[in-house]
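S.K.: Read off the chains here:
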Amino acid sequence: MAAMPFAGLAMPRTAFAQAPATSAVNTTGLAVTDTDVTVGILHSVTGTMAISETGSVQAEKLAIEQINAEGGVLGRKIKFIQEDGGSDWPTFAEKAKKLLVNDKCAAVMGCWTSASRKAVLPVFEQYNGMLYYPTFYEGLEQSKNVIYTGQEATQQILAGLDWVAKEKGAKTFYLLGSDYIWPRTSNKIARKHIENVLKTKVVGEEYFPLGHTQFNSVINKIKLTKPDVIYAIIVGGSNVAFYKQLKAAGIDLNKQTLMTISVTEDEIDGIGGENIAGAYACMKYFQSLDNANNKQFVSAFKKMWGDKTVIGDVTQAAYLGPWLWKLTVEKAGSFDIDKVAEASAGVEFKQAPEGYVKIHPNHHLWSKTRVGRARPDGQYDVIYETAELMEPDPFPKGYQ
Amino acid sequence: MFGEYSLGELTSIFVMQGFAGLILFSVFLLMALGLAIIFGQMGVINMAHGEFMILGAYVTWMCSTFFHGYLPALVPIYFFIAMILAFLVSGALGVAVEWLMIRRLYKRPLDTLLATWGLSLILQQFYRSVFGPREVGVELPQWMLGSLPVTDVIEIQINGLFVMALTTIITIAVAVMMYRSRWGMQVRAVVQNRVMAGAVGINTEKVDRYTFGIGCGIAGIAGSAFTMIGSTGPTAGQLYIVDTFLVVVFGGAASLAGTIASAFTISQAQSIMEFFLSGSIAKVLTLLAVVGILMLRPQGLFVLKVRR
Chain A
1 MAAMPFAGLA MPRTAFAQAP ATSAVNTTGL AVTDTDVTVG ILHSVTGTMA
51 ISETGSVQAE KLAIEQINAE GGVLGRKIKF IQEDGGSDWP TFAEKAKKLL
101 VNDKCAAVMG CWTSASRKAV LPVFEQYNGM LYYPTFYEGL EQSKNVIYTG
151 QEATQQILAG LDWVAKEKGA KTFYLLGSDY IWPRTSNKIA RKHIENVLKT
201 KVVGEEYFPL GHTQFNSVIN KIKLTKPDVI YAIIVGGSNV AFYKQLKAAG
251 IDLNKQTLMT ISVTEDEIDG IGGENIAGAY ACMKYFQSLD NANNKQFVSA
301 FKKMWGDKTV IGDVTQAAYL GPWLWKLTVE KAGSFDIDKV AEASAGVEFK
351 QAPEGYVKIH PNHHLWSKTR VGRARPDGQY DVIYETAELM EPDPFPKGYQ
Chain B
1 MFGEYSLGEL TSIFVMQGFA GLILFSVFLL MALGLAIIFG QMGVINMAHG
51 EFMILGAYVT WMCSTFFHGY LPALVPIYFF IAMILAFLVS GALGVAVEWL
101 MIRRLYKRPL DTLLATWGLS LILQQFYRSV FGPREVGVEL PQWMLGSLPV
151 TDVIEIQING LFVMALTTII TIAVAVMMYR SRWGMQVRAV VQNRVMAGAV
201 GINTEKVDRY TFGIGCGIAG IAGSAFTMIG STGPTAGQLY IVDTFLVVVF
251 GGAASLAGTI ASAFTISQAQ SIMEFFLSGS IAKVLTLLAV VGILMLRPQG
301 LFVLKVRR
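Quick note, the sequences are listed as chains A and B, same order.
Here the numbering used here is used: the first residue of the first sequence is 1, the next is one more, and so on.
Here the numbering used here is used: the first residue of the second sequence is 1, the next is one more, and so on.
Because the hints were derived from the structure by calculation, they are not lab data.
Check the hints yourself; a few may be wrong.
Claimed, not checked - Partial list, derived from the structure: chain B residues whose beta carbon lies under 10 Å from chain A: (1) Tyr-5; (2) Ser-12; (3) Ile-13; (4) Leu-24; (5) Met-144; (6) Ser-147; (7) Gln-157; (8) Asn-159; (9) Gly-160; (10) Ala-236; (11) Gln-238; (12) Ser-278; (13) Ile-281; (14) Ala-282; (15) Leu-285; (16) Leu-288.
Glycine included, every Cβ here is placed at the ideal spot set by N, Cα and C.
This is chain A alone, in the form it adopts within the complex (with noise of 0.2 Å):
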C-alpha cells in the first residue's frame, strides 16, 4: 500500500483542473462527483471458489492504486466497494443487483466461474450494468455489458493442440476434465479440432466429479492406452490429487506429454511444482514473460501483496479490467455504461503484462497464446507463443 503514497495524493490535484464537468460525463446517475467514481470488486473471499478469486481481487485493487496513482480517470479517483460472492451463484447475483441498484457503479471487475457470471448476466443487462470478467472461460457468449479480458476457449485451445502436434509429432490424445461446462465444451472444441483439422485421433475421454481424490483407475487407463498427448482440464482441489498420483505411479512428464490449461501458477503453489514439472500448459500469461511491462507489473504487484504471492493467468487478466475501463471511458468521454460499451471495441492497452491487447467488437480480448513448460520451482518456462494476436471467436464455426 505504501507504494507511491505521495504521486496519489499530489496527482489528482493537477488533474482536477482540467477535469470535465460532472454533468457532462454522467448523465444517467452513476457515482460519479467532481472528485471520484465508484466502480465495484464483486469476487469470492470466502467458500471454496477463494483459493482462485484472491489473486483477482488482489489485481484488481492494484490496477486501481496505480490508475489513481497516474491521476485517476477523468480527472476522477477511483474509489471501489468491494463484495463477497461466497462461492454461492445466487449471492453473485444479489450482489451484483446491490453494486449496481444501490450503490450505481460505474463499473464492476468480478466473477470467477461461468457459473457466477451466468447468475450476474441477466442483472447487468436488466439494470445496465458494465462488467469486466477476467476468466478464459468456454466461450458461447457475448453481451453489450461483459468485457471478457480472459480468453475465450478456442483461443486457449487450437494453437496449443497445434503447437503439440507440430513440436511432439502427437498422433494420440487421452481427453481429461472436471465434469462441468468448462472442461467439457474445451474438450468438445478440442476433439473438433483434434480429428477434423490435425486428423489424428482421440482415445479417450473422461470426466470426474468436481473434488474427486482418486486418480488411480484412469492413470492405469492411460498407461494401457499410451496416448501421445494427456490432454487435462482437471479443475481445484482434484487437479492437486491428479498430479500427485500421477508422479507417484511413475509417469515421468518429461517423457509422457502431458498439455493442460487448467493450471497456472496459482494451481502448482498447491500441486507442488516437483509434481508437475515438465508439463506444458497453454495460457495467454505466465509470470516469467520477458517484456518491460510484465516486469514492472511483477514487481509492483510483489511490493503490494508480498515477495512469495505468484500470478497466474487469470490475476493478470483481472488486472486489464480497471485499465481496459478507464481507456475506454477516457476514449468515450464519459463514464455512461452506453456510451463505455459503444467506444470498447479498438481500446487498446499497450502496457498490459502479456504486452498487449485490443478489445474487439464481440467484446472479448485479442490476445497471443502461449505455450509453457513448468519448472520444479514453481514457474514456466516460455516456450512457444503465436507470432500474431489470436482473434477472438466465441461462436466458433464447425467446432459446436
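Following the hints, put chain B in place on chain A, whose structure we already have.
M.R.: Quick look at chain B alone, frame taken from chain A:
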C-alpha cells in the same frame, strides 16, 4: 475393448488395477475409522470430521515447512513426527470441542448434526484466515515419491504402500482398543446404556471425552497421510466427508467389521467401474447401489445385536 492389447499387457494392467483398488480401500478405511468411533460408537453425527482431517494436514504442512527450513537433516523422517503431532493436535481439539459443545447434546443426537456443521464452517473460516485461502503444498521426503518398478508396466506406488501399511496398523490398534482393552469395554458399556454404566462406576463423562478425542485424533492422522495424495486447503475436508459417512453408514454403525467390509465393497465397486466406465458414471452407479442396498437393509451391512 481389449482386442488390440497383448495378454501380457492386460495381465499387468489388471494387477495394477487390483492394487489401485486396494489403495482406494485403505484410503476409505483410514478416513472412516475416526468417524466409525465417533458416529458408530457414540452416535454423534460429526459433520466437522473433514475439518479435523485438514487440521492434521495443516500440522503436517507446518512440520514440512519447519523441517525443510531449520532441520534439513531430519527431513527424511519428519513425516512420522508430523503424524504424531497431527494426532495430538486434532485429538486435543476434539477433547476441547467435546467439553464445550458435544457433551451438552448427547440427549439430542440429531442436534449434533447442526452443531458440528456450524463447527465445520467456523473451522474452515479459521483455516482461511490463518493459513490463507490458497492451497498449500506439502513437500514430501524424496523416498516417499515415485514408485517401485516390478516389471516394465507394473509399478507399485510408494505412497500407496505407505497408506496401506498405516491403515493396517491403525485398524488393528483400534480393534484391540475397542474389543480387548478395559477402555473399549467401558466405551461399549456407555454406548449401550449410559445410566447403568454410570451406576456401576464408570466415569461416563471421561470416557466420552477421550473417545471423541481419539476419533478426532485418528482423523488428524488420516489428514496427515492424505497430504501425499490430495490437496491441503481450507475447504479440502469437504472432499472427504460424503465418502466417509457413506462408508460408515453403509457398513452399519457400531461395527468395526462392518466399516471394513463397507470400505472394501465401495472401493472395489468404484475402482472397477471407473476402469470400465468413466469417473462420473462410476460414482453415480456406486451411489445408486448403496442407496438400493440401504433401502433393503436400513441398518447397514453388519448389525450389532443388542437388546434395547
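S.K.: Could you run down the list of hints and mark each one as holding or not?
M.R.: Evaluated hints:
no., hint, result
1, Tyr-5, "7 Å, holds"
2, Ser-12, "9 Å, holds"
3, Ile-13, "5 Å, holds"
4, Leu-24, "5 Å, holds"
5, Met-144, "9 Å, holds"
6, Ser-147, "4 Å, holds"
7, Gln-157, "4 Å, holds"
8, Asn-159, "5 Å, holds"
9, Gly-160, "7 Å, holds"
10, Ala-236, "5 Å, holds"
11, Gln-238, "7 Å, holds"
12, Ser-278, "5 Å, holds"
13, Ile-281, "9 Å, holds"
14, Ala-282, "8 Å, holds"
15, Leu-285, "13 Å, violated"
16, Leu-288, "14 Å, violated"
When held up to the earlier numbered hints, the structure conflicts with 15, 16 and fits the remainder.
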